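**Q** Chain A is already provided as a structure; the job is to place chain B on it using the hints.
Protein chains in written order, with the working numbering: chain A, 1 to 187; chain B, 1 to 254.
Derived by calculation from the structure, the hints in this document are not laboratory data.
Please read these numbers as outputs of a predicted model, since none were measured by experiment.
Everything hinted at is true.
The calculated lysine-lysine pairs, modelled on DSS-like cross-linking and capped at a C-alpha distance of 27 angstroms, are:
no. : chain 1 : residue 1 : chain 2 : residue 2
1   : A       : Lys73     : A       : Lys114
2   : B       : Lys78     : A       : Lys58
3   : A       : Lys56     : B       : Lys47
4   : A       : Lys176    : A       : Lys116
5   : A       : Lys128    : A       : Lys58
6   : A       : Lys128    : A       : Lys73
7   : A       : Lys128    : A       : Lys56
8   : A       : Lys95     : A       : Lys58
9   : A       : Lys185    : A       : Lys73
10  : A       : Lys128    : A       : Lys176
11  : B       : Lys31     : B       : Lys240
12  : A       : Lys95     : B       : Lys78
13  : B       : Lys240    : A       : Lys56
14  : B       : Lys221    : B       : Lys184
15  : A       : Lys73     : A       : Lys95
16  : B       : Lys78     : A       : Lys128
17  : A       : Lys128    : A       : Lys116
18  : A       : Lys73     : A       : Lys58
19  : A       : Lys95     : A       : Lys128
20  : A       : Lys73     : B       : Lys78
21  : B       : Lys47     : A       : Lys95
22  : A       : Lys95     : B       : Lys93
23  : A       : Lys185    : A       : Lys112
24  : B       : Lys240    : B       : Lys184
25  : A       : Lys116    : A       : Lys146
26  : B       : Lys47     : A       : Lys58
27  : B       : Lys47     : B       : Lys64
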Amino acid sequence: MDTTLAVTPGQRLGYAQDYISGPGTYERDGLLYASVVGLRQITEQTGALPIITVSKEKEQSAVPDVGNTITGKIIRVSPMQATVAIMVVGQVPCKEDFTGVIRIQDVRATEKDKVKIYQSFRPGDIIKAEVISLGDARSYFLSTAKNELGVIFATSLAGATMIPISWQEMQCPITKAIEFRKCAKPV
Amino acid sequence: MDRRRVNGPETSVTPIFKSSTKATILNGSSKRIDNRSADDLRPLFLKTGLVTQANGSAYIEMGKIKIVCAVYGPRQLKRVGFSSQGTLTCDFKFSSFSCVQRRNHMRDPQEREYSTILVQALTPAVRLELIPKSAVDIYINVLESDGDNACLAAAIIVASVALADAGIEMLDQVTACSALMQEKMLLMDGTMEEEDQTDGSVMVSYMPSLNEVTSVLQTGKTNLDEVNHAMESCIDGCSKLYGVMSASLIESLQ
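With the rest of the complex left out, here is chain B:
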């Protein structure tokens, strides 16, 4: 008799949990959980001018992902230090209700990393040499997230549209696309369920008109051939998104 613990009645037994069956990400007729094919991107919705007090703003919906972006600038650099070029900073934040597990109000390391990636992806496209001593601040707020890589790609898209909406001079727009890799399978624009079941992923951000890649992010376990193939598919995916981005900007002119 174990006297150190509070024992239940002697006839009690441990409960049996029903084992959860995970939905297969690619079923017999090559369709994914949400009925897309392996190459399909989620439908995209973009709108500018959501935040009226910012210089520029945009809202994106990509499947379940919802992100708001506000751009303030060019405005005076708050911190000390003369720079002959402008400075681009990004504040990436997941809302506390945006993910399955409640997120902290304080910035965590993942958000800091995503802020850096966003700055890396957008800096080559913005003409910072025209605004010396000034800062352009991008504020990203994720309202609902569905897949970390896809969320990051959507953030890059919405930030590029918001920068153009603010009237800041840019060399080109920046589109971004992500892909998940597992053995011989390549899934474009993976959701959170698919991300949990695949090994590796790639996110590419690309300037379509100038045909230049601005950033590549590879996470997880993959091999070199898969990464090359995934990057080419991502660049194709990026080109498809360019049309929607341009249309939403031209619509804001009317």
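Pulled out of the complex, with its shape left as it was, chain A reads as follows:
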């Protein structure tokens, strides 16, 4: 079959008994249909049915889901939580920011009761976090309680980009002052 066929939503792709439906497709009444505009791709698998996917040319604006790693900016800090503007979900940017919240018990994995929000995050920091729940009406619930999650980029009070020196501290290269942040382990 020609693997570079352009398809539109609702176009029939094949029988459900011959293929497995991948991203961009859905199954109904034993038939596979495309669900987005894109190019149809068939990936052969050994020992299983080939997978049909439709690759989207225009990436749909990302929606956070439980378990996704997101990149965002801290916009507000309060004694019990930090509010985050979610800008990127995985590798896909969001056209308009979603709102997320990191509660005090989700900042780190150890000594959860001794966490001081202002010594973990400051407004303007760029962080990597994981979505733990769809949350309430207004925001998603996020967590930075893993080594590779936390602040990845922050500016010091003097205005320079800080360098992480431990999982709790960052240092300004100009003034050599140390500020407290919950840092992500550099990859």
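**A** Below, chain B without anything else, positioned relative to chain A:
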């Protein structure tokens, strides 16, 4: 002598207006005012990607009807309330210069009604269960209108194309077609002049690949047999439009 009013000179008379003759909608050789036959739809032009800052957009021209649609989403739901599925909202607006009579800048009841009809017609086709807590907003702006039912049908078509252009997952595209009914006559895709002279109309929106009707709108005075016949003709008309919609989406891929 009437002293309460300002009278004209005593020799004045009231003016005689020339009675306007309305063009017959179906002349002797079964041709309509714009030379179509009773079954013909107006020629359709579709283009995607008109509004660059929106997630998806499309422009439609159907005869004199011109409509722009922009789709924003999925984005965070502004109002309070958790929903396990996504929400589809539509903002339908006639531009103030789009109709014969100048339209108000404020939303009037007709636009509110058309917004609801559009949401009803498109919701069955969009996979909202994949985007919980998010909203998809459709903005329709009519630049020129020629026939209310035909305008609504064109809006449904352009909104469906814009949703597909935004990359939002859909079960199928939604096409729509309208028809006017008068005694034994059935005119497909009526213009404003024809609408003024006919009694009843039907607008059907339909998903061609899944063979499902998503909404039916009947206005005016008709009987049941006429409505059934008109609905079948509309579904046939919808299938003809599907090819043009798919072609414009595939063209946008290149």
